[in-house]
Structures are given as structure tokens and as C-alpha cells.
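Undergrad: First to last, the protein sequences are chains A and B. Using the working numbering, read the first sequence as starting at 81 and increasing by one per residue. Using the working numbering, read the second sequence as starting at 17 and increasing by one per residue.
It is worth saying that the hints were derived from the structure and are not from the lab. Incorrect hints may have been included.
[Claimed, not checked] If you anchor each label on the Cβ, the simulated ranges turn out as follows:
#, chain 1, residue 1, chain 2, residue 2, range
1, B, Arg34, A, Trp430, 45 to 55 Å
2, A, Ile244, B, Gly73, 25 to 35 Å
3, A, Pro128, B, Leu146, 46 to 56 Å
4, B, Asn55, A, Ala316, 41 to 51 Å
[To be verified] Quick list of in silico lysine-lysine cross-link-like pairs, BS3-like style, CA-CA up to 27 Å:
#, chain 1, residue 1, chain 2, residue 2
5, B, Lys316, B, Lys353
6, A, Lys101, B, Lys148
7, B, Lys88, B, Lys145
8, B, Lys107, A, Lys101
9, B, Lys280, B, Lys325
10, B, Lys107, B, Lys148
From the three backbone atoms N, C-alpha and C, an ideal C-beta is built for every residue, glycine too.
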Amino acid sequence: MGIKVDSQTSPEHSWPLLSPKNSLIALLFVVMAFFFMLDLALGSVKIPLGNVIDIVFGKGSENEAWEKIVTYIRIPKALTAVIAGAALSASGLQMQTLFRNPLAGPSVLGISAGASLGVAMVMLASGAAANAFAIRQLGLGGSWLIVVASTLGAAFVLLIVLGIAVRIKDNIVLLIVGIMVGNITISIISIWQYFSEPEQIQDYLIWTFGSLGGVLGSQLYVLAIVVGIGLMISFAASKSLNVMLLGENYARSLGMSTLYVRITVIAATSLLAGSVTGFCGPIGFIGIAVPHLTRSILNTSDHRFLMPSSCLVGAILMLVCDIIAQMPGSQTTLPINAVTALIGSPVVIWVIMKNRNLKSSFA
Amino acid sequence: MKNEVLLTHDLAIGYQNRRLAKEAEKHGRKYPGKVVADNLSLDLAKGELVCLLGPNGSGKSTLMRTIAGVQKPLGGHVTLDGRSLERLSTKETARLLSLVLTDRVMTGNLSVYALVALGRYPYTGWMGKLSKDDETVVREAIAITGTRRFACRHISDLSDGERQKVMIARALAQDTPVILLDEPTAHLDLPNRIEVVRLLKQLARERGKSIVMSTHELDLALQAADRIWLMSPVQAEESGKNIEMISGMPEELILDGRLEKAFKRNGFEFDRESGSFRINQHHEGCIGLVGEGTLAYWTKRALERIGYKVVIDASLPCRIEVSEDRGNRWWRYYNGKSGEPFEIQDIGSVISCIKKNKTGSEIVA
Numbered sequence: 081m082g083i084k085v086d087s088q089t090s091p092e093h094s095w096p097l098l099s100p101k102n103s104l105i106a107l108l109f110v111v112m113a114f115f116f117m118l119d120l121a122l123g124s125v126k127i128p129l130g131n132v133i134d135i136v137f138g139k140g141s142e143n144e145a146w147e148k149i150v151t152y153i154r155i156p157k158a159l160t161a162v163i164a165g166a167a168l169s170a171s172g173l174q175m176q177t178l179f180r181n182p183l184a185g186p187s188v189l190g191i192s193a194g195a196s197l198g199v200a201m202v203m204l205a206s207g208a209a210a211n212a213f214a215i216r217q218l219g220l221g222g223s224w225l226i227v228v229a230s231t232l233g234a235a236f237v238l239l240i241v242l243g244i245a246v247r248i249k250d251n252i253v254l255l256i257v258g259i260m261v262g263n264i265t266i267s268i269i270s271i272w273q274y275f276s277e278p279e280q281i282q283d284y285l286i287w288t289f290g291s292l293g294g295v296l297g298s299q300l301y302v303l304a305i306v307v308g309i310g311l312m313i314s315f316a317a318s319k320s321l322n323v324m325l326l327g328e329n330y331a332r333s334l335g336m337s338t339l340y341v342r343i344t345v346i347a348a349t350s351l352l353a354g355s356v357t358g359f360c361g362p363i364g365f366i367g368i369a370v371p372h373l374t375r376s377i378l379n380t381s382d383h384r385f386l387m388p389s390s391c392l393v394g395a396i397l398m399l400v401c402d403i404i405a406q407m408p409g410s411q412t413t414l415p416i417n418a419v420t421a422l423i424g425s426p427v428v429i430w431v432i433m434k435n436r437n438l439k440s441s442f443a
Numbered sequence: 017m018k019n020e021v022l023l024t025h026d027l028a029i030g031y032q033n034r035r036l037a038k039e040a041e042k043h044g045r046k047y048p049g050k051v052v053a054d055n056l057s058l059d060l061a062k063g064e065l066v067c068l069l070g071p072n073g074s075g076k077s078t079l080m081r082t083i084a085g086v087q088k089p090l091g092g093h094v095t096l097d098g099r100s101l102e103r104l105s106t107k108e109t110a111r112l113l114s115l116v117l118t119d120r121v122m123t124g125n126l127s128v129y130a131l132v133a134l135g136r137y138p139y140t141g142w143m144g145k146l147s148k149d150d151e152t153v154v155r156e157a158i159a160i161t162g163t164r165r166f167a168c169r170h171i172s173d174l175s176d177g178e179r180q181k182v183m184i185a186r187a188l189a190q191d192t193p194v195i196l197l198d199e200p201t202a203h204l205d206l207p208n209r210i211e212v213v214r215l216l217k218q219l220a221r222e223r224g225k226s227i228v229m230s231t232h233e234l235d236l237a238l239q240a241a242d243r244i245w246l247m248s249p250v251q252a253e254e255s256g257k258n259i260e261m262i263s264g265m266p267e268e269l270i271l272d273g274r275l276e277k278a279f280k281r282n283g284f285e286f287d288r289e290s291g292s293f294r295i296n297q298h299h300e301g302c303i304g305l306v307g308e309g310t311l312a313y314w315t316k317r318a319l320e321r322i323g324y325k326v327v328i329d330a331s332l333p334c335r336i337e338v339s340e341d342r343g344n345r346w347w348r349y350y351n352g353k354s355g356e357p358f359e360i361q362d363i364g365s366v367i368s369c370i371k372k373n374k375t376g377s378e379i380v381a
């Protein structure tokens with residue numbers, strides 16, 4: 081009985097590709113660039129796309145008001161949308177793989193709630209309400225403080241959830257625990273709210289609606305740096321996350337340190353979800369929906385490709401949500417959190433319907 | 017001996033337990049925990065296929081986990097490729113020992129090819145990019161295991177048998193001298209079981225892999241294994257050892273009666289001649305059988321199934337003579353009462369005739 085080795089006889093190209101082509105990622109990048117420009121052009125004041133492109137590339141515009149609007153309001157807002165979308169998607173992707181649960185995501189497992197608690201504590205200590213305006217008043221030092229507080233808050237909740245995850249291997253139990261921990265966090269915040277001034281409560285409520293417009297100037301740099309670090313950690317964890325798909329036992333037998341991966345993922349998701357929540361408020365659904373959407377677009381589970389593409393898809397979706405939130409042509413804007421839920425929930429339902437079974441879509 | 021890839025020296029397996037550890041200190045007991053089995057000195061040579069047998073709960077998985085380094089031994093040590101397992105890092109162990117577990121991998125969007133490629137994890141760089149050599153190893157692993165046909169398919173679309181072969185391919189891609197498999201034939205139908213075992217034998221023979229597989233299937237193990245490790249429960253004395261490890265060549269174990277003894281202790285009757293368990297118990301009586309060949313063998317099987325003890329004896333008053341002549345089959349049934357035999361031409365009628373007559377000689381011990 082001989083071993084049949086047909087790899088020599090069969091043509092090379094008949095082997096499947098390990099990962100999708102890079103051109104797909106390039107295409108996603110082009111789509112993102114398009115929506116970025118569209119986001120700059122649309123709003124309460126409609127600016128022609130040609131002029132927007134001129135302003136972005138430094139050629140300026142004859143209309144000074146347009147130039148000011150684009151440079152000082154719309155570009156920071158669009159950049160924030162891109163950063164927030166990428167950060168939330170990357171953290172959602174990692175958490176879904178780590179917990180082997182399709183419903184894991186920053187908003188579900190209480191990470192956003194933890195970040196909110198961090199923000200609330202800073203505001204409580206400094207005697208101001210937790211809102212974007214208060215953050216702005218604190219200046220650069222304050223924005224670092226916000227990032228540190230929200231990241232620590234997020235890490236705190238994630239550590240509790242993960243600590244329980246070590247003892248209880250059941251994903252559903254873990255999910256419920258995550259939701260409960262999130263609830264506890266929220267209730268602490270509401271107790272604090274109860275003893276606060278009505279104006280502060282209103283400010284806090286506005287913060288919970290989410291806003292991409294509040295991140296300006298130096299804060300944008302802080303956000304970009306923190307998210308950049310978080311994304312770098314996430315990309316570095318891609319190889320290990322791939323092995324995690326086989327389950328922890330196989331991962332360990334392949335020489336992977338599960339502790340190392342857990343710490344990496346906690347650090348990355350806390351930085352990503354924590355900082356974005358600190359600055360933009362708790363933005364829901366992007367973290368859950370985008371990884372599913374990306375998996376079904378790319379038809380792969382290779383994190384080396386899923387990670388960058390999820391970031392791009394997340395950025396695109398966030399830009400689209402922002403465009404809708406501005407209600408082009410009108411003077412009103414919708415809270416971004418409501419729009420992401422409006423768009424995100426149908427996406428999740430669509431993915432479930434398409435795959436029949438959310439479980440088979442990844443873990 | 018030469019080329020042993022895996023050795024265990026005085027190994028004690030079990031679970032560490034703080035309470036029991038304290039007690040052990042007080043009472044001067046040897047191990048700090050619940051001992052499943054101890055004094056295990058086993059060896060595994062290059063190119064050897066070992067089947068690990070034992071009833072549920074006898075500690076097969078505990079032994080596998082301990083050998084794989086997932087669980088700490090309570091005492092003694094495991095030597096892998098001449099080096100102590102405790103001194104090896106997880107990365108180094110991953111290059112010496114691969115696992116096929118019962119865990120179901122149900123990840124969607126994960127193609128067979130990508131899954132097998134994950135076996136190269138211990139060899140690739142920080143981004144996990146496969147080199148040309150890595151890819152060759154992966155493709156060879158797929159080709160050898162006969163999974164080439166569905167290399168493009170997703171793992172969630174495979175049947176149990178196909179998935180098991182893919183998991184073996186993944187272990188093969190890990191390129192380790194030792195492969196441990198935890199019940200690789202569970203949930204598989206007979207053709208798939210045979211295929212998997214045949215594949216493992218082939219890997220041991222032709223690739224020099226040392227393979228340990230745990231299984232519940234005695235007949236398969238007796239046919240395929242170079243050696244058997246049998247974990248057999250014994251009456252527990254105190255809280256100490258309650259598992260006895262029997263190891264040896266299958267034929268050796270059968271001939272010197274150790275296998276029989278191990279099963280008898282647990283209330284099973286083991287037939288030394290056929291190497292299988294006796295399911296049928298004799299209560300109808302004794303019947304003689306005259307004849308030879310396949311026809312006689314299957315007649316014997318049919319008689320045993322309906323509860324007769326069959327002896328090769330032409331002198332018994334109650335007997336059956338079988339003969340085959342140019343495609344014609346004859347059964348002559350003497351029921352022990354009338355002298356004339358019934359002449360019957362098909363086995364179904366033979367059995368119903370015997371059932372109707374309900375005769376048989378007394379069973380002589």
C-alpha cells in the first residue's frame with residue numbers, strides 16, 4: 081500500500097488560496113476614501129465634491145466659509161469616524177474570536193459601560209459633568225486623563241469578564257455575566273447621576289448619544305495615537321487569533337500561550353474601545369456587526385486579512401452612519417449612536433439569515 | 017532499548033488537589049492529589065502504533081493530557097525525544113508532539129487547506145506567513161491523508177469522517193515525531209473507522225511516526241496496534257492505585273491470558289480464539305457440529321447467537337452436519353430423539369427448525 085502523493089501531478093493553481101487577494105483590501109480602501117470625501121461634502125451646508133477635494137489637497141477654495149467648515153469641522157469629524165469605526169471593529173473581531181462567541185463585542189460585554197464608568201469617575205473627581213464640552217475644557221492634559229480613565233474602566237470590566245471566563249467555559253454564561261457586569265457599571269453611573277445636578281445629567285445623556293464632532297485638535301492626536309497603538313497590538317495578535325479558531329486546547333498544543341493572547345487582546349480592546357468610548361460616547365453595534373459583515377464579504381477567517389479589512393469596513397460603515405446622521409440638506413443632526421444601531425441591527429439580522437446559523441459564521 | 021521517542025518513568029497521573037495535598041503531607045502519602053494511576057513506565061518506539069484501551073473513566077484522557085504536557089504529572093516524568101517534558105517550552109513541545117482531540121472545530125469560513133496550514137504555527141514567523149517549504153509540508157499532509165478532494169471546502173461542510181482525516185492532516189503538518197489521538201474513531205461509521213486506522217498504520221510504517229491513539233474498539237485495536245496499553249480498573253485498596261496498566265503486543269496479551277484476565281475481572285467474557293467479547297450466553301444446551309469451512313463457521317455463529325454451545329463433536333446425539341458440494345449446501349440436523357436427520361437446504365430453516373425442536377445435549381463442563 082503506497083502513499084499517493086498527488087501534489088506533484090496536480091497543477092499548482094488548483095490549490096485553494098490561503099487568503100483573499102490584497103486587491104480586495106485595496107478596493108475597500110478606495111471605497112473608504114470615496115465615503116470620506118462624501119462625508120466632507122454633505123451636511124447642513126452642501127459643498128461640491130470638486131471643491132472638497134481641492135480643500136483636502138491643500139489647494140484651498142475661493143469660498144472661505146467652505147474652507148473653514150471642511151478644515152476645522154468636517155475633516156476632524158470624518159477622521160474621528162474613520163478612527164472610531166476601525167477601532168470598534170478591530171476590538172469586536174478580537175473579542176468574538178477570543179470568546180468564540182458571535183455576539184461578543186465591546187458594547188455587549190460591558191466594555192463600553194466600563195469605559196463610561198471611567199469617564200464618569202474623572203468627571204466626578206473634577207466636578208464637571210461627563211460630556212464632550214467638559215472634556216474640551218480640560219484641554220490636552222484632560223484628554224489624556226479621559227483616555228487613561230476610559231481605557232482602565234474598559235480593562236477593568238474586561239478583566240472581570242475574562243477572569244470568569246477562565247472558570248466557566250460556557251459562552252452563553254459568559255455573555256450573560258458580561259451583560260450583568262455591564263449593568264452593574266451602568267447602575268453605578270446612574271446612582272452618581274441621581275446625586276448630580278440636572279444640567280450635568282443632561283450633559284451626560286448627550287454624551288451617551290454619542291458624537292463624532294466633539295473630538296477636535298489635540299484630542300484627535302491623542303485618540304489617533306492610542307488607537308494606533310491598539311491596532312498595532314491587534315495586528316500583531318493576528319497569527320495567534322487564527323490558531324484560537326481551533327479552540328484553546330489545540331492552540332496550546334501548537335505551542336501558543338493562551339495567557340499571552342488573552343493579555344494582548346485585553347490590552348488592545350481596552351485601548352481601542354476605551355479611548356473611542358471616552359471621546360465619542362458609547363457607540364453600539366459597529367463592534368458586533370462589522371466583523372460578521374467582513375467575514376461574509378471576504379469569505380475567510382484569516383485574521384491577518386480580517387483585521388485590516390474589518391478596520392476598513394468599520395470606517396466605511398461609520399462614515400455612512402455619519403452622513404446619515406447629518407441629514408444632508410437639513411439643519412438637524414441625529415445622535416450617531418441611534419444611527420449605528422439603526423444600520424447595525426439589520427446587518428446582524430441579515431448575516432444570521434444568510435448563514436442560517438450565526439455560530440457557523442465563525443466559531 | 018533503541019530509538020524510543022517517548023518514555024514515561026514511574027509516572028503518576030491524576031489531579032492536584034489542595035485538600036488532598038495537605039492530607040498527603042500529614043499521612044505521609046506519596047502524591048499531592050487524587051491519583052488516577054501510578055507506576056506507569058511506558059515506552060513508545062519510532063514508527064510504532066500503540067492503542068490505549070480502557071473503560072470510560074479509567075484515565076485514558078488523563079494519561080494523554082499528561083503525556084502531552086497539558087496536565088502536570090503527580091509524580092515521575094515524561095521524556096520526549098530524550099528530554100524531560102518539564103524542561104521543554106510549549107513551543108519546543110509543539111515541534112515534538114501533536115494532538116488530535118475530540119474537540120469539534122466548527123469555525124465557518126475556514127477552509128480545509130487553511131486549517132491544515134495552521135499546523136505550521138510553531139514554525140512560522142510572527143505574522144504566520146508560510147514559506148514555500150511550509151506550503152510543501154501542508155500539501156503533502158493533505159495528499160497523504162487523502163483530503164485533497166475537499167481541500168477547498170469549508171471545515172463546517174465536512175462529514176465526521178472527512179473532518180477527522182483533516183484533523184490528522186493538521187497534526188501531520190505540525191511535523192512531529194509523536195502524534196497523540198484521543199478517540200479518533202469515535203462517531204465514525206465502520207468504513208471511516210477502518211480508513212482512519214489504516215491511515216494511522218500507514219503513517220507509522222512509512223513515515224516513522226510514533227502514534228498513540230485511545231480507543232474503545234478492541235477488535236480494531238487488536239488488529240492494528242503494534243502494542244496495546246490497557247488501563248484496567250482493579251479493586252481499589254485504600255485511596256491509592258485503582259488502575260492497572262497492562263502493556264504488550266496484542267497477541268502476547270491474548271496468549272498469556274492477561275487480556276482475558278483484565279476483562280474477566282470486570283465481568284466480561286473474552287474469547288481467546290476470536291479475540292473478541294462473547295455477547296451470547298449459552299443456556300439452550302450443547303449442539304455438535306460436523307463440517308468445515310466458511311459454512312461451518314457461520315452455522316456455528318448462528319447457533320451461538322440463538323444460545324447454543326457449539327462443540328466439534330460427531331458423537332453427540334444432537335448435532336448438525338454441514339456439507340457443500342458444487343454450490344449445493346446441505347444441513348443434516350439430528351435432533352437426538354428420532355434417528356433420522358432433517359435435511360435442510362438453507363440456514364434460515366435450520367435455525368427455525370432447531371428453535372421449534374428446542375433440543376440440545378446437556379452442557380458438559
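Undergrad: A separate judgement is required for each hint: does it hold in the structure or not?
TA: Here is how each hint holds up against the structure:
{"no.": "1", "hint": "Arg34/B - Trp430/A: 45 to 55 Å", "verdict": "51 Å, holds"}
{"no.": "2", "hint": "Ile244/A - Gly73/B: 25 to 35 Å", "verdict": "29 Å, holds"}
{"no.": "3", "hint": "Pro128/A - Leu146/B: 46 to 56 Å", "verdict": "49 Å, holds"}
{"no.": "4", "hint": "Asn55/B - Ala316/A: 41 to 51 Å", "verdict": "46 Å, holds"}
{"no.": "5", "hint": "Lys316/B - Lys353/B", "verdict": "21 Å, holds"}
{"no.": "6", "hint": "Lys101/A - Lys148/B", "verdict": "18 Å, holds"}
{"no.": "7", "hint": "Lys88/B - Lys145/B", "verdict": "33 Å, violated"}
{"no.": "8", "hint": "Lys107/B - Lys101/A", "verdict": "30 Å, violated"}
{"no.": "9", "hint": "Lys280/B - Lys325/B", "verdict": "19 Å, holds"}
{"no.": "10", "hint": "Lys107/B - Lys148/B", "verdict": "21 Å, holds"}
Hints 7, 8 from the list above are not met by this structure, while the remaining hints are.
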